[in-house]
Amino acid sequence: MIQQRLPTGTPIPLPDATLCVDGLSISYGAAKVVRDVTLRIAPGEAYGLIGESGSGKSTIAFSVMGYLNGGTASAGRITIAGHDILTLPDRKLRRLRGPVVSMVFQDPMNALNPSIRVGEQIAEGIRYHTGAGKAEAEARAIELIDQVKLPEPEDIVRRYPHQLSGGQQQRIVIAMALALEPALLILDEPTTGLDVTTEATILDLITEIKQRSNVALLFISHNLGVVARMCDRVGVLYAGDLIEEGPTAEVLQRPSHPYTRGLISAVPSIAGELEMVGIPGSLPDLTEVPKGCIFRARCSIAIAACGEAPVPMETVRPGHASRCLRWRDCLAELNPPQAAAVRAPLDGEKRLEIDSVIRSFPGARRLPFLKPRPAVQALRGVSLDIRAGETLAVVGESGSGKSTLGRLVAGLDRPAGGTIRFEGRDVTALSRERTVDDQRAVQFIFQNPHSALNPHHTVEEIVGRPLRLYLGLQGTELRRRIVEILRAVRLGERYMTRAPHELSGGEKQRVCIARAFAAEPRLVVCDEPTSALDISVQAAILQELQTLQRESAHRTAYMFITHDLGVVRQIADRVAVMYLGEIVELGATRDIFSRPQHPYTEALLAAVPELRPTRASRMRLQGVVPRPTNPPSGCSFHTRCPRLKGDICSQKAPPTRSKASGHAMRCHHDINTLKALQSAELENRTEPARP
Amino acid sequence: MTEMIIRRVGLLALILFAVSFMTFMIVNVLPGDVAAVVLGDGASPEQVHLLREKLGLNEPVLTRFVSWLGDMLRGDFGVSLLYGQPIKPMLATRLYNSLVLAFLALVLSVPVAILLGTVTAMKRGSWIDRIISSLTAVTFALPEFVKGLALILVFGIWLEVLPGSSLIEAGRHPLSQPLILVLPVLTVAIGMQPYFVQITRAGMIEAFRSDYVRTAVLKGLPPHVVALKHALRNGVLPAVAVIGMTLGNALGGLVVVETVFSYPGIGQLMVSAISARDVPIIQSTVMIVAAAYAVGNLLADIVSIALNPRLRY
Chain A
1 MIQQRLPTGT PIPLPDATLC VDGLSISYGA AKVVRDVTLR IAPGEAYGLI
51 GESGSGKSTI AFSVMGYLNG GTASAGRITI AGHDILTLPD RKLRRLRGPV
101 VSMVFQDPMN ALNPSIRVGE QIAEGIRYHT GAGKAEAEAR AIELIDQVKL
151 PEPEDIVRRY PHQLSGGQQQ RIVIAMALAL EPALLILDEP TTGLDVTTEA
201 TILDLITEIK QRSNVALLFI SHNLGVVARM CDRVGVLYAG DLIEEGPTAE
251 VLQRPSHPYT RGLISAVPSI AGELEMVGIP GSLPDLTEVP KGCIFRARCS
301 IAIAACGEAP VPMETVRPGH ASRCLRWRDC LAELNPPQAA AVRAPLDGEK
351 RLEIDSVIRS FPGARRLPFL KPRPAVQALR GVSLDIRAGE TLAVVGESGS
401 GKSTLGRLVA GLDRPAGGTI RFEGRDVTAL SRERTVDDQR AVQFIFQNPH
451 SALNPHHTVE EIVGRPLRLY LGLQGTELRR RIVEILRAVR LGERYMTRAP
501 HELSGGEKQR VCIARAFAAE PRLVVCDEPT SALDISVQAA ILQELQTLQR
551 ESAHRTAYMF ITHDLGVVRQ IADRVAVMYL GEIVELGATR DIFSRPQHPY
601 TEALLAAVPE LRPTRASRMR LQGVVPRPTN PPSGCSFHTR CPRLKGDICS
651 QKAPPTRSKA SGHAMRCHHD INTLKALQSA ELENRTEPAR P
Chain B
1 MTEMIIRRVG LLALILFAVS FMTFMIVNVL PGDVAAVVLG DGASPEQVHL
51 LREKLGLNEP VLTRFVSWLG DMLRGDFGVS LLYGQPIKPM LATRLYNSLV
101 LAFLALVLSV PVAILLGTVT AMKRGSWIDR IISSLTAVTF ALPEFVKGLA
151 LILVFGIWLE VLPGSSLIEA GRHPLSQPLI LVLPVLTVAI GMQPYFVQIT
201 RAGMIEAFRS DYVRTAVLKG LPPHVVALKH ALRNGVLPAV AVIGMTLGNA
251 LGGLVVVETV FSYPGIGQLM VSAISARDVP IIQSTVMIVA AAYAVGNLLA
301 DIVSIALNPR LRY
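Residue numbers (UniProt numbering), protein chains in the order written: chain A, 1 to 691; chain B, 1 to 313.
Okay, chain A solo, but in the shape it has when bound (with noise of 0.2 Å):
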């Protein structure tokens, strides 16, 4: 039975708000997942909810569409234009998904039935709501196609989900949701695991479906970037509890919750004026729930009238809401975010050269007669080097190459062609063939640290493994060096007899960098180390990558693979930018973040959905990258490149040019007439950015 209770918090009056939810909890077993939610969404308005993995946000958005999943909803109330979504029976439910409320999903891949084209499954839900039949759905569907912007609509509704893109996968799913104009919008992390410049065509699409439709749109995202630029209010969610609520601009800008300040601070800005810091300590258990406030435990203002009784939502200003009892002194007692260290390039001896690396793969044979399907040229002439100390971050777009690049230096892979020399000698083979020293002072950390330790060992045995192999250490003296290095990683001695599967996502990282800084390496390998990961925790792990780079003897240098530009603002020295195998542009930190860039560089960064507003540009990708099969000539960039010159483009291959000593960067273009190019169209756009 639901019970009605009235909320605690103190929701702005809505009364023709398109959801209600009000006082809402939901358990899974002994686990409140959900405590006494309250929020509305008006009709046309954009609501956020924001949260790191456990907040609940999920469980919410599933919940508002009446699919509780094995859950239970202890109390509360969930009301979409005048239904009552937890009371209803399943078959009048079903008639409200879809034409009243409907979900855009995160992972579109998963999220389309593999077996069904991609039209049936836009055109099944029509005909199943209205009764359509199956040449007027089919139209249907193939306006709906046309409407989220795929090029020949006819075509792409015969199409099975594994013949489009990831970002055309999501706009599949958006035109299923559109299908039947609901009232509600509900969207889970719509752009997560998209590329950046996909992510920012995707996210243009929403808001024209914002400005055209009256839709309420609910939206779940644990990027504050991609909220800022979406939402017109937010709502942030910790374990379960709403503890702030207010519109976009001033949750934001003048957060009045510690953790919601933890939260902005912990964001990587391309901006890059504030050094981020992570939120030390971890959820709480959420089946024996505490009295008080639900951050204490993790907030450093807390006093102790925060543990005697729950804390009510006070207002900070009309509108804007913190379940803080010391909101007033959040701005003013927490520390200030500091300005972020300048990073610049070193100039130590090199550590790695890298020249003019290939590494294709080879089609699959099809008969012993007919030829092989073309290679993936996955790599076509890499040329660069990393210093002592130094970090190189190496982005772009996935299949970029750059993963690719990171396996051959550290001899994961080996190359078709050039050479890779480490600290001079020449370490161009796999790693079993390289020298037992070589091997240890070239070490990887792995995107997914849930699959890179053995569930059998302990992390004792994981981190003892290379200090054992490599450096010898038995007994005591073994265990005190385990210890050590667990310390440095901010893991203490009691995690020694554990299994990975007792630790969180953020300590599993840290074992792997444990692992490899215990072989005392001189260049680590990172890929995509924390893109697994809560930005929370993201921040506190790049923090002590850093510290381990300061402080160790060997002058320890990164290549950090990643394709998150504000990461690489916060801890690189040097910046290579692939693009379909090559390196378009190569240059310190500063130089690549500042104007003029290539025009790819250029539009990774105008893609990146920014947390404060900032003056970028607004140049967006348009088209898919081509095939690796067969790179475009001339530049291989020409096909998207906003920037196109002429027929030069697609005909000679780009010169060089610098703008900075140690700055290239390959364009037609030159350097002036790139400036100009750029600066014109900031002064041409007469709105301003997203306030």
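No wet-lab data here; the hints were simulated from the structure.
Below, computed lysine-lysine pairings styled on BS3-like, alpha-carbon distance capped at 30 Å: (1) Lys123/B x Lys32/A; (2) Lys229/B x Lys123/B; (3) Lys92/A x Lys123/B; (4) Lys229/B x Lys92/A.
Got chain A; can you put chain B on it based on the hints?
The following block gives chain B in isolation, referenced to the frame of chain A:
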């Protein structure tokens, strides 16, 4: 797709060659003199020697293999040592009988298994799931001859509605006596069932847990559309592969059932040939079963590809 089929057929030939080589070697390298076994205990060394000469057993093993393989490729399977007749027509009738049995069992058990697998997956943990799952576990644990004998006991002896022996009169088509087929087909079908049900159930459970099924549910589609259209198509994929393999397996596995029911199939032929050391028949039947196994696999792959657009390139 055609490209893949051509490649797989090539692979199939290679596999069959390997099988033929191994079978020939095993049978010929085994201790015990074929000639002596054929002639019986009372034979004199001269007689044994003569027969060895006649059978070509004094040639080197590789030479014999090549000539045997050559004969077989030309369609000459040799002459039975026991019956003194050419093997080919014997093989054809027996193979046909076995295929009838296996095919009928498959046609009976696949739809039932998919139905049971889907129902148990949808009602996972309910009493209906528990009953079906325990029943299939029990039938899986029982050996074929126990199931066969139990059926004979119930239907043949107590109820007296069906014949307990499935002998086919010479020259008659198995389908001309449908009654004698019922019990063997049932035994084989019951034997296949648990495997299919479990695999379908596992595949369907995974499909029901998938994001695309959640999408279908949240599209507001009714449960039967979600199950039949969205889950089933992906959920039966693993079962299809297994069914293809089972087809080959079934031909070899018919040995017991055919023996229990005295059904003149290829399995029974193989068993009698083994006890009589009738080497040419052993070799030929093993080759037939291996070929059936490989072809079954190929068919399963083709059906999987037809059902799964991700594999169609």
